[in-house]
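Student: Residues per chain are reported as follows:
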Amino acid sequence: MQAAVFTNLALGLVLAPLLSGIINRTKAAVAGRKGQPLLQAYFDIYKNLRKGAVYSTTASWLFRAGPVVGLAAAVAALCIVPASGSAAALAFAGDLVLFAYVLGLARFFTVLAALDTGSSFEGMGASREVFFAALAEPALLAGLATVARKTGTLSLTEMISTASANSPELVLVLAALGIVFLCENCRIPFDDPTTHLELTMIHEVMVLDHSGPDFAFIQYGAALKAWVLGSLIVGILLPAFSSSRPLMLACFVGAMFLLAVTVGLIESGMARLRLLRVPQLLAAASALSVFAFMLVVR
Amino acid sequence: MSLLLLSLAVIIAGGCAALFAWNKPGLAGCIGAGGTVLGCALGIIPALAVLLQGTTRSLRCAWSMPCGSFIIELDALSAFFLLPVFMLSALAAVYGGRYLLKYKEIKRLGFVWFCYAVLVASMALVCVAANAVLFLLAWEAMALSSFFLVAFENEKSTVRRASWIYMVATHLGTACLLPMFLLFGSRAGSLDFDRFAGCLPPQLTGICFVLALIGFGTKAGIIPFHVWLPEAHPAAPSHVSALMSGIMIKTGIYGIIRTLTFLGTPPLWWGWLVLAAGIVSGVLGVVYALAQHDLKGLLAYHSVENIGIIMMGLGVGMIGWSAGMPAVAILGMAGGLFHVLNHALFKGLLFLGAGAVYQASHTREIDLLGGLIRKMPVTACCFLIGAIAISGLPPLNGFISEFLIYLASLRGATAMDADVAIPLFLAVGSLALIGGLAAACFAKAFGIVFLGEPRSQEAAHAGEAKPLMLVPMLVLAAACIAVGFLGMVAVPALSGAVSDILGFNAAPELKAAAGCLRSITIVSVALLLLIALAAWLRRVLLSGRRVESAVTWDCGYSAPTARMQYSASSFAQPITALFRSVLRTSEHAPAVQEYFPEAGSFETHTPDACFEKAYRPLFEGLRRLCGRCVVLQHGNIHLYVLYIVITLVGLLAWQMR
Amino acid sequence: MIEFIEILLMLLILFDLALLGVSRLKTCITISSLQGMLLGIFTVLAHTQGLTLRIALIAAAAFVLKGFLFPRLLGRSIREASVSLELEPYIGYIPSVIAGLALLGASLWLGAKLPLSSAIGIPLVVPAALMTFFTGLFLIIARKNALTQCLGYIIVENGIYIIGVASVVEIPMLVELGILLDASVAVLVMGVAIYHINREFDHIETDRLDTLKG
Chain A
1 MQAAVFTNLA
11 LGLVLAPLLS
21 GIINRTKAAV
31 AGRKGQPLLQ
41 AYFDIYKNLR
51 KGAVYSTTAS
61 WLFRAGPVVG
71 LAAAVAALCI
81 VPASGSAAAL
91 AFAGDLVLFA
101 YVLGLARFFT
111 VLAALDTGSS
121 FEGMGASREV
131 FFAALAEPAL
141 LAGLATVARK
151 TGTLSLTEMI
161 STASANSPEL
171 VLVLAALGIV
181 FLCENCRIPF
191 DDPTTHLELT
201 MIHEVMVLDH
211 SGPDFAFIQY
221 GAALKAWVLG
231 SLIVGILLPA
241 FSSSRPLMLA
251 CFVGAMFLLA
261 VTVGLIESGM
271 ARLRLLRVPQ
281 LLAAASALSV
291 FAFMLVVR
Chain B
1001 MSLLLLSLAV
1011 IIAGGCAALF
1021 AWNKPGLAGC
1031 IGAGGTVLGC
1041 ALGIIPALAV
1051 LLQGTTRSLR
1061 CAWSMPCGSF
1071 IIELDALSAF
1081 FLLPVFMLSA
1091 LAAVYGGRYL
1101 LKYKEIKRLG
1111 FVWFCYAVLV
1121 ASMALVCVAA
1131 NAVLFLLAWE
1141 AMALSSFFLV
1151 AFENEKSTVR
1161 RASWIYMVAT
1171 HLGTACLLPM
1181 FLLFGSRAGS
1191 LDFDRFAGCL
1201 PPQLTGICFV
1211 LALIGFGTKA
1221 GIIPFHVWLP
1231 EAHPAAPSHV
1241 SALMSGIMIK
1251 TGIYGIIRTL
1261 TFLGTPPLWW
1271 GWLVLAAGIV
1281 SGVLGVVYAL
1291 AQHDLKGLLA
1301 YHSVENIGII
1311 MMGLGVGMIG
1321 WSAGMPAVAI
1331 LGMAGGLFHV
1341 LNHALFKGLL
1351 FLGAGAVYQA
1361 SHTREIDLLG
1371 GLIRKMPVTA
1381 CCFLIGAIAI
1391 SGLPPLNGFI
1401 SEFLIYLASL
1411 RGATAMDADV
1421 AIPLFLAVGS
1431 LALIGGLAAA
1441 CFAKAFGIVF
1451 LGEPRSQEAA
1461 HAGEAKPLML
1471 VPMLVLAAAC
1481 IAVGFLGMVA
1491 VPALSGAVSD
1501 ILGFNAAPEL
1511 KAAAGCLRSI
1521 TIVSVALLLL
1531 IALAAWLRRV
1541 LLSGRRVESA
1551 VTWDCGYSAP
1561 TARMQYSASS
1571 FAQPITALFR
1581 SVLRTSEHAP
1591 AVQEYFPEAG
1601 SFETHTPDAC
1611 FEKAYRPLFE
1621 GLRRLCGRCV
1631 VLQHGNIHLY
1641 VLYIVITLVG
1651 LLAWQMR
Chain C
2001 MIEFIEILLM
2011 LLILFDLALL
2021 GVSRLKTCIT
2031 ISSLQGMLLG
2041 IFTVLAHTQG
2051 LTLRIALIAA
2061 AAFVLKGFLF
2071 PRLLGRSIRE
2081 ASVSLELEPY
2091 IGYIPSVIAG
2101 LALLGASLWL
2111 GAKLPLSSAI
2121 GIPLVVPAAL
2131 MTFFTGLFLI
2141 IARKNALTQC
2151 LGYIIVENGI
2161 YIIGVASVVE
2171 IPMLVELGIL
2181 LDASVAVLVM
2191 GVAIYHINRE
2201 FDHIETDRLD
2211 TLKG
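Residue numbers (this note's numbering), protein chains in the order written: chain A, 1 to 298; chain B, 1001 to 1657; chain C, 2001 to 2214.
Since the hints were derived computationally from the structure, they do not count as laboratory data. We put the beta carbon where it would ideally sit given N, CA and C, even for glycine.
Computed from the model, here is a short list of chain B residues facing chain A with C-beta under 8 Å:
no.: 1; residue: Ile1388
no.: 2; residue: Gly1392
no.: 3; residue: Thr1414
no.: 4; residue: Val1428
no.: 5; residue: Gly1435
no.: 6; residue: Ala1439
no.: 7; residue: Gly1515
no.: 8; residue: Ala1526
no.: 9; residue: Ile1531
no.: 10; residue: Cys1555
no.: 11; residue: Met1564
Chain A extracted, bound-state conformation (with noise of 0.2 Å):
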């Protein structure tokens, strides 16, 4: 029990940014291109740890802690979140609220640190976030809030140990928790991550001051975040089928694997929506959820 709970939490913490890397060498493959390495995105957070850091004259204290507490946010979430068919580190009746609003934290602090810049750039991109996010959230809990009904428990791991995508009602949620998955880690067709103008960044934008060692939390909680809400996904699509703990362990990171592999196959089939669309998608994920729900209640 102990020694699963780790290894959960070693694997999180150490591949999470390996899932960046193999949505862009995916990007790549399907333009035809070569690509940067698997492990770019370590090499970007071992880059900016080194380094030393700049900071706005117009920045407070707020400023320093906002990557503080979304890197620490992310690390409690990956604490909440059951993985490989195992149970989490601590797991309860309503830890899916408790998830949804740590991530919730975590946002608050970036978003008050990219305010805290005075930019208007800056000011935008947290103005965005925060819109989304507003949106996403509902659709997140209720598409959670199914799932519990499906399977008649409240906590997490239950829910993904007795879940199986073999309903036609959770893959809808499941297709909820796919867009709301690129919404909160700012994918196309939410956000383009390798956009170039600061007018059409969101999550990249916000964290446009921040430098050396802030920088790279900021990274590594972000993977990490994408790792958790992936996680979940794949913890509701691959039940719990073998009791061996190697086979469950190698389905899980190969599920997560795939997911980053479709992620990538998304961004290169379609654009960016224009933000007037974006509610729209986002309400569309809110109404699999609630349509879901009323199959499994009727």
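Guided by the hints, dock chains B and C onto chain A, whose structure is given.
Tutor: Leaving out everything else, chains B and C in the frame of chain A:
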């Protein structure tokens, strides 16, 4: 019990003494605030004792009031509501003592302190009165004293308007309470609360409940009866706003709950109604808050939102109650009740913080502020804690109560039939939406007011608030943190109050919920440790390296000014645009004529659609109707006497037959 | 098999929701065409035991007409009348989806209450039919574009079709063919009318056609 009476007497005595010290404003403040603090300290002892021991105490005195009798009863429910009353009143009094000194040249502070004392005492009395006449008297004293406090700056026309709207609204609410109590009294044969329980036949309970919902809901500020709230709260002095927003509107909640205890197990539609009212108030409250430009107006709309959350808790509890699922009933009620306390803590804190900002910068316009975290570091810290708490984010207290409501809704939504499960599922979704929007709103409020560069001269020259104003804020901030971390201790203490409402023992279920809350505390502590670890790591990494300062990245533009920062309205624009059909924001932007225009302007106003579209036409119509009657009123005394004679003769003729 | 039909019906409802939330006319037409094809498949699957030539014919007719002919005709109207490609809603897209979810709840509730027990014993059939029916009506009410009106009628017809296929096996031959014919004529007439309206007025917004009244 005698201690409670003594405390009320001390508060009133302090107020009267302050009234007599009218020509010495400093002294009046000392006496008024001192009396309130002393009285509150005395009053909190019996409240805590009853809450912890769970025994009910009551007192009955002879009283020569027709139909009335002086009965006060302190059960766990009353004691629970007394707790925030005494706590916040004392702290706001300390704050107000310093805050009002600014006005000592131009205002009669003695009268203000008298009204304050009456307000505090009447709120306490409302919570313990066990007779309808006594209750209504206290209710009316509360309304009148707060009316005078709202009208504090009555030389401003906006304040006068706000206070009159408040006066009319609160009395319309009371007008619904009178028939309700009369219905109870006529069936029970007495106006004592202990005779009310179960006295009504089933066909009348629905009417009584709706009357209570409207009457008490007006005081609580649920949409669509909220229109007075965003007018009155910003107009009052900040410590009074804190008191009104933190506690006074909760007496409406208390009234609804108390009425529920008379009516027995509710039918399902009551729960739906309360839940729907809660969802509408919660979502629309926060959306309106986002559209506000006035810091205190924003906080006032957040009171509507939080009342909505409390109502959602009650609604979920009532649905569980009538559907025969005690776990849902207990958790929902406990969540709603606990949010009453938590909202008192953080909303009090936020209003006090807003008052400090107002006194330092002389403006409440969010878009004129900025960069105050450097000028007012302590206020900023306190406001930040309040902002995190009200957004319902862990590890602070707002999360704990919202978590209980979530837990209740999820319990019901995962186990019950469609007619119960779907409303509860909608409650989960709405609560998530409210949470997200509230976080957006407070990112805006805190971010624009305290962060960045000052947007005006006033904000640039602001200074930290006086220590006597800071201490209450620090105490409230500490309370928010403490309740957030000690949820597993605090929630089982609610079992007495919840049992009083539901009529069955709530303790085991709340003990079980405390288990979940313990896990939350573990995560919170872990979160703090992780933050400390990351901060330490950052420190180690940066030690000995080059840490420089530079201007914010300006995209190559060479002369950025503070006015080019993102403003509060632009921050909220995407969300207000999404909800434009309910907000009906009006925009004034003169079209640009030449190629190189000298000046441009852009303004948005978001008046309360409920007020503009429903109440204003209604009252305009009423006024026209009354205007027709003006022919009767000539100001001629002969005619008036003639009216009296006609009326008398008419009455006599009517009695003859 | 029953699970498969259930999934089919869920897809049908999903398409209804999508129709309410989509802002582009061409996407709407594509969705309606997909829905039509689904209906053809549904007809066959719902009667796998007693698959007669008649049912196969109905299925084929539905598949071809709803899946290909109607969308083709509508697409031609778009091209020839150079219709605006946005739907121009009276009720916004997100409120429409919310209304759609409320309609779905109502349909599920009605489906449980109404005595329309389906012959093939799948509980979701009646709600799906009602939902499709309501969606069509909603589109007719809440969108300005004249082509959407036409589309709305097609969707309404889809709803009736589901009920027809599922509840009584014997009668639908006549009824169904009649309705299919009605709808095709409607689409044709609409197409012609839209073409002429557009040529005369340079727009096909129904709210502005009010000026035609005496």
